[in-house]
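S.K.: Chain A is already provided as a structure; the job is to place chain B on it using the hints.
The chain contents come next:
2 protein chains.
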Amino acid sequence: MKSKEKSNLPAMLRKARRAGKIYLDYASGSFPNPNAIHELGKEEKRKLEDARTRIARVLGAHSDEIIFTSGATESNNLAILGAPRGHLVTTNIEHASVLESCKQTKKVTYVEVEKNGIVDSKKIRKAFKPNTVLVSVMYANNEIGTIQPIREIAKEIRHFRKRSNLKNSKRSDLGTFPYFHTDATQAVNYLPIKVEKLGVDLMSFNSAKIYGPKGIGALYKKRNVRITPLMWGGNQERGLRPGTENVEGAVALARALEQVEKIKDKEVKRLTKLRDYFLNKLEHSHILKNVGILVNGDWENRLPNNLNISIPKIPSDLLVIELSARGIMASAKSACKSGEETPSHVIAALRGKAADEGSLRFSLGRETSKKDIDRTVKALDEIFKKLEKWYN
Amino acid sequence: MKSKEKSNLPAMLRKARRAGKIYLDYASGSFPNPNAIHELGKEEKRKLEDARTRIARVLGAHSDEIIFTSGATESNNLAILGAPRGHLVTTNIEHASVLESCKQTKKVTYVEVEKNGIVDSKKIRKAFKPNTVLVSVMYANNEIGTIQPIREIAKEIRHFRKRSNLKNSKRSDLGTFPYFHTDATQAVNYLPIKVEKLGVDLMSFNSAKIYGPKGIGALYKKRNVRITPLMWGGNQERGLRPGTENVEGAVALARALEQVEKIKDKEVKRLTKLRDYFLNKLEHSHILKNVGILVNGDWENRLPNNLNISIPKIPSDLLVIELSARGIMASAKSACKSGEETPSHVIAALRGKAADEGSLRFSLGRETSKKDIDRTVKALDEIFKKLEKWYN
Chain A
1080 MKSKEKSNLP
1090 AMLRKARRAG
1100 KIYLDYASGS
1110 FPNPNAIHEL
1120 GKEEKRKLED
1130 ARTRIARVLG
1140 AHSDEIIFTS
1150 GATESNNLAI
1160 LGAPRGHLVT
1170 TNIEHASVLE
1180 SCKQTKKVTY
1190 VEVEKNGIVD
1200 SKKIRKAFKP
1210 NTVLVSVMYA
1220 NNEIGTIQPI
1230 REIAKEIRHF
1240 RKRSNLKNSK
1250 RSDLGTFPYF
1260 HTDATQAVNY
1270 LPIKVEKLGV
1280 DLMSFNSAKI
1290 YGPKGIGALY
1300 KKRNVRITPL
1310 MWGGNQERGL
1320 RPGTENVEGA
1330 VALARALEQV
1340 EKIKDKEVKR
1350 LTKLRDYFLN
1360 KLEHSHILKN
1370 VGILVNGDWE
1380 NRLPNNLNIS
1390 IPKIPSDLLV
1400 IELSARGIMA
1410 SAKSACKSGE
1420 ETPSHVIAAL
1430 RGKAADEGSL
1440 RFSLGRETSK
1450 KDIDRTVKAL
1460 DEIFKKLEKW
1470 YN
Chain B
1080 MKSKEKSNLP
1090 AMLRKARRAG
1100 KIYLDYASGS
1110 FPNPNAIHEL
1120 GKEEKRKLED
1130 ARTRIARVLG
1140 AHSDEIIFTS
1150 GATESNNLAI
1160 LGAPRGHLVT
1170 TNIEHASVLE
1180 SCKQTKKVTY
1190 VEVEKNGIVD
1200 SKKIRKAFKP
1210 NTVLVSVMYA
1220 NNEIGTIQPI
1230 REIAKEIRHF
1240 RKRSNLKNSK
1250 RSDLGTFPYF
1260 HTDATQAVNY
1270 LPIKVEKLGV
1280 DLMSFNSAKI
1290 YGPKGIGALY
1300 KKRNVRITPL
1310 MWGGNQERGL
1320 RPGTENVEGA
1330 VALARALEQV
1340 EKIKDKEVKR
1350 LTKLRDYFLN
1360 KLEHSHILKN
1370 VGILVNGDWE
1380 NRLPNNLNIS
1390 IPKIPSDLLV
1400 IELSARGIMA
1410 SAKSACKSGE
1420 ETPSHVIAAL
1430 RGKAADEGSL
1440 RFSLGRETSK
1450 KDIDRTVKAL
1460 DEIFKKLEKW
1470 YN
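If you read the sequences in order, they're chains A and B.
Counting with this note's numbering, you get residues 1080 to 1471 for the letters of the first sequence.
Counting with this note's numbering, you get residues 1080 to 1471 for the letters of the second sequence.
Extracted from the complex, chain A is given alone in its bound form (with noise of 0.2 Å):
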């Protein structure tokens, strides 16, 4: 084997053995285990740390207040279903791992969002219950865009710790509940993350949505904060997530976060103005007049790269096909949700019945340029001069 076949050996372990060192600690894993004890254990532990003290230091937090996970999914599941039991408060229109979670326990009030897609936090202001112990709304949907008023959701909270509901309990925990979560998983691109200033005592985000890798998340989970884990094994990140750690994942999420950080400003401003120039070119041009396009979700508080619209009569999953066709990726709704024959609850919760013919989704990014925008555009006017004789 040694040197017939080419090493599937990590960098690391490869660079460790021309240094003259052996490693014979495979039953760790292939990469060395940060939890051990010799040189490379420590390099290794040294790494992952260096990572959290990183992305801490982006949220404005302790680097011991970082929990990694998979991923946003299991943040959002380690928050809801690790929190104490009690009632829950969440929007009609949060990601389905937080929906779901919530179902779990049965004991959850879902707050309408109002008709552009953005909740008022005195609706949930006044979902509170004596023993309501997490608030879960999302900083920013993943359909529309819509941002939701998360510091005025906070200091709604907070002025209910102070005016405690529990002050007849005999809790020691006193005035520390509800405790507030946030996905903030589409957020993180656009939007300040300081989690101080957000008000947040819980935030969920991952690396695949801010141009990291996949397979890596974090949990941001404030000091006084109280959850138990979702799963059970060693005692790595602070007893809240056993399993070796994923080191290269850390590292590369505190990479990307950083470097979102860096271009923040600048990237908000470009993506506004091109999408708004997107925006600007459907309604003015000939054949979509005719059809008529609305745009779901509050046109202001909506996350820069975020163009969702309805067209109707028309099904969007059948758009989204045409648009594929013509080489352009966009999506009909979440994700998550594509296939599913029910239609997307975020538009549903904006329009009602009338969303059957669904929504079409466009999110910028960091390679869209007006280029992108114009074919697009033109690809769109295709289509529906292609369509409207049968929708007509």
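If you are wondering where the hints come from, they were derived from the structure by calculation, not from laboratory data.
Treat the hints loosely; a few may be bogus.
If several chains are the same, the list does not tell them apart, and a pair holds so long as it fits within one copy or across any two.
To be verified - No farther apart than 25 Å at their CA atoms in a straight line, the calculated lysine to any residue pairs in the SDA-like style are these:
1) K1121 x D1451
2) K1457 x R1093
3) K1100 x I1116
4) K1121 x A1458
5) K1392 x V1456
6) K1273 x A1458
7) K1234 x A1090
8) K1194 x K1450
9) K1464 x L1397
10) K1182 x T1307
11) K1094 x A1331
Owing to the predicted nature of the structure, the values given are computational and were not obtained by experimental measurement.
M.R.: Leaving out everything else, chain B in the frame of chain A:
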């Protein structure tokens, strides 16, 4: 941004871009999402399902029996916490992720292994109760490398099912319990893993222990076996594991597993020889003879790459650190347990209180050469010479 900074896009998107494709689905991820219905999403889906099929082929399973997870700890948790409620049977030398998951259910029988680190299948059989829903026995131990009699245990289970103690029950799943789960994480590199021949219903393994990347693992789940998910969200992995699939990871796991199968026989022979040479050299080393070496775990039914020894009076952590200072990476106990004050539960199971000095694990791998072994024995010789005066 566009042309000024190095693109962070994954290779697939860069390639698509060069081919004139426009990606406007960044909200689904900076990797195309395999659940998206556009061309690039479908391409990812094909890769994912191709990886699943390849893994299934190696295991002699159906592709719909492979559930991708974030690693073996998650796979073990999913098998154990996901099983129907009831009594569990396991052994006292399982990995922490099995022992701790079992502990959550509160109705567990821990069958003690024999002094050689192997469990008696008859004792497993004796632990069965009418309400036993799951038996979880690892295929090979991570610390001492002992191989458990999986086929024999499977036979006992089949026998028990036939005479079904559930016969007085009105359940329609009569005779299907207990399910048989094995954690095959350490076994995959060296032992046969055709699931039908093993007779298991559930089998955990991961990628990082078989020279693949971190953050990806799988659970084999036989078709008729019913488990519930640990996490909630989208319907990925047949509703058993939500979250956008780690396609890259799945493909890498498939590749790693196929590579393992390809070289398994050769590696088993090579490493067995090398490990026997290692022990022989140790036993004939003058200094080591004085110290006295105890081999932990059965020597015959053992992974070919494992040598685990105890050395009376000398703390094994000290040995690991002395070896590390000489460029040799070994392990004092399972890395998941390193740094904890308590001695290894595996060694304690074999030796009882006398295990206080701990154990030293050498686990060999693809790159290990005879020269490495010679250098290691020489280093141990030196270390014992140095420590002798303190410990005699």
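S.K.: Confirm or reject each hint.
M.R.: Status of each hint after checking the structure:
In this assembly of identical chains, K1121 and D1451 lie within 25 Å of each other by CA distance solely across copies; the values are 21 Å between and 47 Å within a copy. In this homomeric assembly, K1457 and R1093 come within 25 Å of each other (Cα to Cα) only across copies, at 23 Å, whereas the closest approach inside a single copy is 51 Å. For the identical chains of this complex, K1100 and I1116 are intra-copy neighbours only, at 15 Å inside a copy versus 49 Å across copies, given an alpha-carbon limit of 25 Å. Taking the closest pair of Cα atoms, K1121 and A1458 come within 25 Å of each other only across two copies (20 Å); inside a single copy the shortest separation is 55 Å, beyond that limit.
Taking the shortest alpha-carbon separations for K1392 and V1456, only the intra-copy value of 19 Å comes in at or below 25 Å, while the best inter-copy value is 77 Å. With identical chains, the CA atoms of K1273 and A1458 are never at most 25 Å apart, being 40 Å at best within one copy and 51 Å at best between copies. In this assembly of identical chains, the alpha carbons of K1234 and A1090 never lie at most 25 Å apart, being 48 Å within a copy and 43 Å across copies at closest. When the C-alpha separation of K1194 and K1450 is checked against a cutoff of 25 Å, the pair qualifies neither within a copy, at 33 Å, nor between copies, at 72 Å.
Taking the shortest Cα distances, K1464 and L1397 sit within 25 Å of each other inside one copy (14 Å), while across copies they are farther apart (77 Å). Taking the shortest alpha-carbon separations for K1182 and T1307, both the intra-copy value of 18 Å and the inter-copy value of 15 Å come in at or below 25 Å. Proximity of K1094 and A1331 under a CA criterion of 25 Å is satisfied in both settings, with 19 Å inside one chain copy and 21 Å between copies.
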